[in-house]
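Enquirer: 71 is the number that the numbering used here gives to position 69 of the sequence shown; each next residue is one higher, with no gaps.
Rather than coming from a laboratory, the hints here were simulated on the basis of the structure. Honestly, I wouldn't trust all of these hints.
Calculated pairs, DSS-like style, for lysine-lysine (alpha carbon to alpha carbon, straight line, at most 27 Å) [as the list claims (entries may be wrong)]:
id, residue 1, residue 2
1, K61, K75
2, K59, K75
3, K58, K72
4, K59, K72
5, K72, K61
6, K79, K64
7, K61, K77
8, K72, K86
9, K77, K67
10, K59, K70
11, K86, K61
12, K67, K79
13, K75, K64
14, K64, K77
15, K58, K75
16, K58, K70
17, K86, K75
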Amino acid sequence: MINDTLFFMLIVGIIISAGLLLLFIWAARSGQFDDANKMVNGLLYDSVEDLNDAIKKEKNLKEAKEEKLKSEKEKLKEDEVSQKLD
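Whole structure, please, built from the sequences with the hints as guidance.
Expert: Right, dumping it as structure tokens:
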């Protein structure tokens, strides 16, 4: 009885998986996932202020990362000096 149930569940699982795989292949071939106009529309509808804000945010993030690296390097140097003194 248990073997029959497991066999039935296995067959049903394989059928459902194959169906989903075929559905995905059909969607990919028919262009359901294509979004060729995304980048073009993004450029058309972004204002100059939005683009400048994005550039500023990237610049600030880069500066913050550099400051963090500098502070970590300084902390490591201080730790090395204190270890040498001990």
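Enquirer: Quickly compare the C-alpha distance for K72 and K86 to 27 Å and report which way the hint goes.
Expert: holds, 21 Å
Enquirer: Given the hinted pair K58 and K70, is their Cα-Cα distance within 27 Å?
Expert: holds, 18 Å
Enquirer: Tell me if the straight-line CA distance from K67 to K79 falls inside 27 Å.
Expert: OK: K67 and K79 at ~18 Å, within 27 Å.
Enquirer: Next pair to validate is K58 with K75; report whether the Cα-Cα distance is within 27 Å.
Expert: Roughly 26 Å separates the two Cα atoms, so the pair holds.
Enquirer: Are K59 and K72 close enough, with their CA atoms no more than 27 Å apart?
Expert: holds, 20 Å
Enquirer: Are the Cα atoms of K58 and K72 separated by 27 Å or less?
Expert: holds, 21 Å
Enquirer: With the threshold set at 27 Å, check whether the alpha-carbon distance from K61 to K77 stays at or below it.
Expert: Within the cut-off at roughly 24 Å; holds.
Enquirer: When you check the alpha-carbon spacing of K79 and K64, does it fall within 27 Å?
Expert: holds, 23 Å
Enquirer: Does K61 lie within 27 Å of K86 when you go C-alpha to C-alpha?
Expert: violated, 38 Å
Enquirer: Tell me if the straight-line CA distance from K59 to K70 falls inside 27 Å.
Expert: holds, 16 Å
Enquirer: K86 and K75: Cα distance at most 27 Å?
Expert: Judged against 27 Å, a Cα distance of about 17 Å means the pair holds.
Enquirer: Is K59 close enough to K75, meaning Cα to Cα at most 27 Å?
Expert: holds, 24 Å
Violated hint for the displayed structure: number 11, the only one.
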